[in-house]
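S.K.: Residue strings, one per chain:
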Amino acid sequence: MKLDVLNLTGQSSDDEEFQMAPMIDIVFLLLIYFMVTTTLIKQEADLGMQLPGKVKQTEQVRMPDEQIIEVRSDGRIILNGQVFDSEHSRSMPELTATLQRFKQSSDLTGTPAMITIQADNDSLHQRAIDVMDACAAAGIRKVSFGLDGS
Amino acid sequence: MDIQLPPEPQIGFQMAPMIDITFLLLIFFMLVAKQTQNQFKPIENPIAEHSTVAQQVMDRGIITIDVNETIYMGSYPATLEEITQRVKTRVEENPKFQVQLRIDARVRHEKVRSILSACAEGGALDVIFSTYQSES
Numbered sequence: 001m002k003l004d005v006l007n008l009t010g011q012s013s014d015d016e017e018f019q020m021a022p023m024i025d026i027v028f029l030l031l032i033y034f035m036v037t038t039t040l041i042k043q044e045a046d047l048g049m050q051l052p053g054k055v056k057q058t059e060q061v062r063m064p065d066e067q068i069i070e071v072r073s074d075g076r077i078i079l080n081g082q083v084f085d086s087e088h089s090r091s092m093p094e095l096t097a098t099l100q101r102f103k104q105s106s107d108l109t110g111t112p113a114m115i116t117i118q119a120d121n122d123s124l125h126q127r128a129i130d131v132m133d134a135c136a137a138a139g140i141r142k143v144s145f146g147l148d149g150s
Numbered sequence: 001m002d003i004q005l006p007p008e009p010q011i012g013f014q015m016a017p018m019i020d021i022t023f024l025l026l027i028f029f030m031l032v033a034k035q036t037q038n039q040f041k042p043i044e045n046p047i048a049e050h051s052t053v054a055q056q057v058m059d060r061g062i063i064t065i066d067v068n069e070t071i072y073m074g075s076y077p078a079t080l081e082e083i084t085q086r087v088k089t090r091v092e093e094n095p096k097f098q099v100q101l102r103i104d105a106r107v108r109h110e111k112v113r114s115i116l117s118a119c120a121e122g123g124a125l126d127v128i129f130s131t132y133q134s135e136s
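The listed protein sequences correspond, in order, to chains L and U.
Numbers 1 to 150, taken from the numbering used here, label the letters of the first sequence in order.
Numbers 1 to 136, taken from the numbering used here, label the letters of the second sequence in order.
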């Protein structure tokens with residue numbers, strides 16, 4: 001019986017050693033996985049607004065030039081009784097162009113341009129953000145929300 | 001006369017420092033990925049191309065509303081009354097306090113309005129909506 005061939009002698013052979021190559025392969029795979037998943041986490045951005053607050057009676061208040069934009073539960077956007085853009089599209093070129101003209105006229109008269117968003121109870125948050133985005137594109141910073149909903 | 005030449009130095013790729021650095025990078029990315037995931041409740045932020053990435057995010061309190069319309073202050077669930085009270089306390093401590101609202105894009109506006117009313121009652125008038133600048 002050839003014990004040395006079957007290695008039943010209990011002695012370890014000389015060429016047994018720690019295999020580095022597979023370990024490095026796995027470490028590199030893990031590294032690449034974590035690098036890719038970490039960069040996939042998207043960075044959040046800001047859209048600001050100012051809630052209505054109390055104003056002291058002694059302060060002089062410049063009345064802003066205010067427009068009310070309605071957001072309906074079906075996604076329609078209405079300004080002065082007119083429906084703007086498609087309710088299925090997030091981009092709002094018509095509303096943005098109108099708001100830009102509104103901003104320009106407000107700047108000419110020296111009154112701050114202000115938008116109040118009047119959204120239905122069942123309208124989605126994304127739709128209100130679409131309107132805020134159009135306001136930001138037109139350079140209007142004073143945006144607020146109406147308290148009534150339907 | 002036999003001249004004994006010194007042995008040539010062995011030039012080889014040094015594996016040990018490379019493995020050290022690789023392990024450090026691996027540990028770094030593992031920790032960062034874990035922290036980022038656990039910080040706040042995951043939601044589907046609305047998209048707004050003209051939103052801006054803030055350079056300074058100090059003095060902010062974060063309120064999250066997930067798709068089930070559950071409200072979280074920081075990482076913990078909270079009621080509207082608790083939010084009003086905590087916002088009031090924070091505004092008294094720091095007048096520059098701002099509220100950052102992380103609201104899922106599919107949340108109904110009724111819920112958004114209730115949160116805005118709670119913030120206004122607490123005295124926080126500067127409100128910031130979290131968005132993504134693009135879908136990708």
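Just so you know, the hints here were simulated from the structure itself, not pulled from any lab data.
Be careful, since some hints might not be right.
Below are the DSSO-like pairs computed for lysine-lysine, each with C-alpha atoms no more than 27 Å apart in a straight line [said to hold, decoys possible]:
no.: 1; chain 1: U; residue 1: Lys88; chain 2: U; residue 2: Lys41
no.: 2; chain 1: U; residue 1: Lys111; chain 2: U; residue 2: Lys88
no.: 3; chain 1: L; residue 1: Lys103; chain 2: U; residue 2: Lys41
no.: 4; chain 1: L; residue 1: Lys42; chain 2: L; residue 2: Lys103
no.: 5; chain 1: U; residue 1: Lys41; chain 2: L; residue 2: Lys42
no.: 6; chain 1: U; residue 1: Lys88; chain 2: L; residue 2: Lys103
no.: 7; chain 1: U; residue 1: Lys88; chain 2: L; residue 2: Lys42
no.: 8; chain 1: L; residue 1: Lys142; chain 2: U; residue 2: Lys96
Beyond 12 Å from chain U on every Cβ pair, some chain L residues (computed) [to be verified]:
no.: 9; residue: Ala21
no.: 10; residue: Leu30
no.: 11; residue: Gln43
no.: 12; residue: Asp85
no.: 13; residue: Ser86
no.: 14; residue: Phe102
no.: 15; residue: Gln104
no.: 16; residue: Leu108
no.: 17; residue: Gln118
no.: 18; residue: Arg127
no.: 19; residue: Ala134
Ideal placement from N, C-alpha and C gives every residue a C-beta, glycine not left out.
S.K.: Please go over all the hints and tell whether each is borne out by the structure.
M.R.: Each hint, compared with the structure:
no.	hint	in the structure
1	Lys88(U) / Lys41(U)	23 Å, holds
2	Lys111(U) / Lys88(U)	20 Å, holds
3	Lys103(L) / Lys41(U)	37 Å, violated
4	Lys42(L) / Lys103(L)	32 Å, violated
5	Lys41(U) / Lys42(L)	14 Å, holds
6	Lys88(U) / Lys103(L)	34 Å, violated
7	Lys88(U) / Lys42(L)	31 Å, violated
8	Lys142(L) / Lys96(U)	18 Å, holds
9	Ala21	10 Å, violated
10	Leu30	6 Å, violated
11	Gln43	6 Å, violated
12	Asp85	15 Å, holds
13	Ser86	16 Å, holds
14	Phe102	16 Å, holds
15	Gln104	17 Å, holds
16	Leu108	23 Å, holds
17	Gln118	10 Å, violated
18	Arg127	8 Å, violated
19	Ala134	8 Å, violated
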